[in-house]
Amino acid sequence: MTAFLNVRQVRKKFSVPGGDLPVLDGVSFSIDRRGFASVVGPSGCGKTTLIKILAGILQVDSGEVAVHSETGSLRGQVAYMPQSDTLLPWRTALANALLPSQIDRRPHEEARHETRDLFARFGLSGFEDLYPVELSGGMKQRLALMRTFLSQRDILLLDEPFGALDALTRVHLQDWLHSVWQEMGKTILLVTHDVEEALLLADHIILLSARPACVRNDFTIDITRPRKRSDASLVQQKEELLQLIYAEELNG
Amino acid sequence: MARAIRRYAATLVTLSIVFSLWEAGVRLFHVPAYILPPPSRIITVFCTRFPLLLGHAGATLIEVALGMLLGVLGGFVLAVLIFYSHTLERALYPLIIASQMIPVFAIAPLLVIWFGYGLWPKVTVAGLIVFFPIVVNTVDGLRSVNEETIDVLRSLNATRLQIFTRVRLPASLPSLLSGLKVGVTLSVVGATIGEWVGAKSGLGYLMIQSNALLRIDLVFAAILMLSLLGLLLFGIVRIIERRLLHWRTPRNQKDRRRTT
Numbered sequence: 020m021t022a023f024l025n026v027r028q029v030r031k032k033f034s035v036p037g038g039d040l041p042v043l044d045g046v047s048f049s050i051d052r053r054g055f056a057s058v059v060g061p062s063g064c065g066k067t068t069l070i071k072i073l074a075g076i077l078q079v080d081s082g083e084v085a086v087h088s089e090t091g092s093l094r095g096q097v098a099y100m101p102q103s104d105t106l107l108p109w110r111t112a113l114a115n116a117l118l119p120s121q122i123d124r125r126p127h128e129e130a131r132h133e134t135r136d137l138f139a140r141f142g143l144s145g146f147e148d149l150y151p152v153e154l155s156g157g158m159k160q161r162l163a164l165m166r167t168f169l170s171q172r173d174i175l176l177l178d179e180p181f182g183a184l185d186a187l188t189r190v191h192l193q194d195w196l197h198s199v200w201q202e203m204g205k206t207i208l209l210v211t212h213d214v215e216e217a218l219l220l221a222d223h224i225i226l227l228s229a230r231p232a233c234v235r236n237d238f239t240i241d242i243t244r245p246r247k248r249s250d251a252s253l254v255q256q257k258e259e260l261l262q263l264i265y266a267e268e269l270n271g
Numbered sequence: 501m502a503r504a505i506r507r508y509a510a511t512l513v514t515l516s517i518v519f520s521l522w523e524a525g526v527r528l529f530h531v532p533a534y535i536l537p538p539p540s541r542i543i544t545v546f547c548t549r550f551p552l553l554l555g556h557a558g559a560t561l562i563e564v565a566l567g568m569l570l571g572v573l574g575g576f577v578l579a580v581l582i583f584y585s586h587t588l589e590r591a592l593y594p595l596i597i598a599s600q601m602i603p604v605f606a607i608a609p610l611l612v613i614w615f616g617y618g619l620w621p622k623v624t625v626a627g628l629i630v631f632f633p634i635v636v637n638t639v640d641g642l643r644s645v646n647e648e649t650i651d652v653l654r655s656l657n658a659t660r661l662q663i664f665t666r667v668r669l670p671a672s673l674p675s676l677l678s679g680l681k682v683g684v685t686l687s688v689v690g691a692t693i694g695e696w697v698g699a700k701s702g703l704g705y706l707m708i709q710s711n712a713l714l715r716i717d718l719v720f721a722a723i724l725m726l727s728l729l730g731l732l733l734f735g736i737v738r739i740i741e742r743r744l745l746h747w748r749t750p751r752n753q754k755d756r757r758r759t760t
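Line by line, the protein sequences give chains A and B. Just so you know, we're using my numbering here: the first sequence kicks off at 20 and counts up by one. Just so you know, we're using my numbering here: the second sequence kicks off at 501 and counts up by one.
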């Protein structure tokens, strides 16, 4: 397989009172088409900055990001799901899911049909006409993920999609994301602080150093899918990864 | 209807007590009607002179409606300009806030000199009063959007216009409407003051005329009519608000909300 998303020597600093704050210090990695990569690292290391650069919201100071071999901004080529709740509260579940197609000015009826069909797959059938305030936390995250999948972009950038959920719902949604990803053939970059989540889902895990971040390690995870949380090899790798992150946190 | 009565029962009881005491007091101490007429007389005058009151209420209503329309439109457009342009924000926002230190009522006589005795001075006063809460609240509303929601749209390559119509505008509605609720009652007061200064019709005009003739019962009847007009307009804004913002309350909780 060929590299689909390429990140090369990306540097980024922010101006803060009293000087510059370097956040990314030459980050490089790549993801294969239909691959699933996970970015982990000590808290505050710049994971969200990285994902915002890939989403085309922040500009790099130097280095480049490229899809296929097209360099430049990825804006319009990726679907980004931020950490906070970004559903529009005045829109029903269906209308929220239709937002990307409206931005792309796709024919309404066609998009509507497609979207309605997907509600069952996302475990939301029967909830099409409810407003976000009427949905549970897990349902809202599924709806936000559905909106991200429906944007018809090949690359999905997910920033801690399950961070705010209770443990049980999170486990459920992780398994579910895995099956949806296998079915729909998307390329996914998942930022998470949950090492187990990364090990369950990703082909490879990109470990960032403490700020300013660079790629400390890029592990290929070859545990056979579907993976179990109790898998001996997974449990062992989880321990090792946690050790590495702690070590990074102490360095930082 | 039964529900409405239950909901406002306490208010109705309070009103009955106040009016009973008033009625009893006036009769007991033989207060002359040109000082303070009893409520019964006010109600009688309100009923017998209803066509007259209705005509003047219509005139006031037109002034308020036009003033609100202009104030809301102007305030909204200015809020959007202030939100999108830092230059305009710095040039105008402090002045708009400072202008609130000038009582609009104080410039009402000037407006009569500039615009005459017709419709426009009252429309201007009513409009100016609505204008301020609309500007301030709409600017706040436009700013209230979660930046990450905007990020989602930007990553999809949405245009600025799409971000405005799909996200910012609907997000600003709740605060715009609370500005409107404040503005609507004040603008009735504004139009009335405009009529006091100089007018040929309207409830304010009727009050001034009746006052001069010591027809205090008619003054009170006009005040009653004015309150009803304010209530009507407030009710209309409430209905618009419920229609536009129904998504804020989960449907299975709507019955609980009625207690407020």
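Hints should not be assumed to be uniformly reliable.
With beta-carbon atoms standing in for the labels, derived distance ranges [what the hints assert, rightly or not]:
# : chain 1 : residue 1 : chain 2 : residue 2 : range
1 : A       : Arg-52    : B       : Leu-592   : 48 to 58 Å
2 : A       : His-132   : B       : Trp-614   : 58 to 68 Å
3 : B       : Glu-647   : A       : Pro-126   : 24 to 34 Å
4 : B       : Pro-532   : A       : Val-152   : 57 to 67 Å
5 : A       : Ser-144   : B       : Ile-740   : 45 to 55 Å
To be clear about the criterion: a stretch of chain A counts as covered by chain B if any three or more of its residues have a C-beta under 8 Å from a C-beta of chain B, and this derived list gives those stretches [stated by the list, open to error]:
# : region
6 : 71-84
7 : 95-106
8 : 202-213
Since the hints were derived computationally from the structure, they do not count as laboratory data. Glycine residues also receive a C-beta, built at the ideal position from the N, C-alpha and C atoms.
Just tell me: holds or violated, for the beta carbon distance of Arg-52 (chain A) and Leu-592 (chain B) against 48 to 58 Å?
Holds - the Cβ-Cβ distance for Arg-52 (chain A) and Leu-592 (chain B), about 52 Å, lies within 48 to 58 Å.
Assertion that chain B covers the region 71-84 of chain A - criterion: three or more residues, beta-carbon distance below 8 Å
Answer holds; 4 residues pass the 8 Å Cβ test.
Go check the region 95-106 of chain A versus chain B for me, would you? Three or more residues, Cβ under 8 Å, otherwise it fails.
Contact hint for the region 95-106 of chain A vs chain B: holds, 10 residues under 8 Å.
Outcome of range test on Cβ distance (Pro-532 (chain B), Val-152 (chain A); 57 to 67 Å)
With a Cβ separation near 58 Å, Pro-532 (chain B) and Val-152 (chain A) satisfy 57 to 67 Å, so the hint holds.
Satisfaction of the hinted span 58 to 68 Å by the C-beta atoms belonging to His-132 (chain A) and Trp-614 (chain B):
The hinted range 58 to 68 Å holds for His-132 (chain A) and Trp-614 (chain B), with Cβ atoms some 60 Å apart.
Starting from the range 45 to 55 Å, see whether the pair Ser-144 (chain A) and Ile-740 (chain B) falls in it by beta-carbon distance.
Since Ser-144 (chain A) and Ile-740 (chain B) have Cβ atoms about 33 Å apart, the given range 45 to 55 Å is violated.
Counting residues of the region 202-213 of chain A that have a beta-carbon nearer than 8 Å to any beta-carbon of chain B, does the count reach 3?
violated (count 0)
Glu-647 (chain B) and Pro-126 (chain A), beta-carbon distance inside 24 to 34 Å?
holds, 31 Å
Figure legend: structure checked against the earlier numbered hints; hints not met, in rising order: 5, 8.
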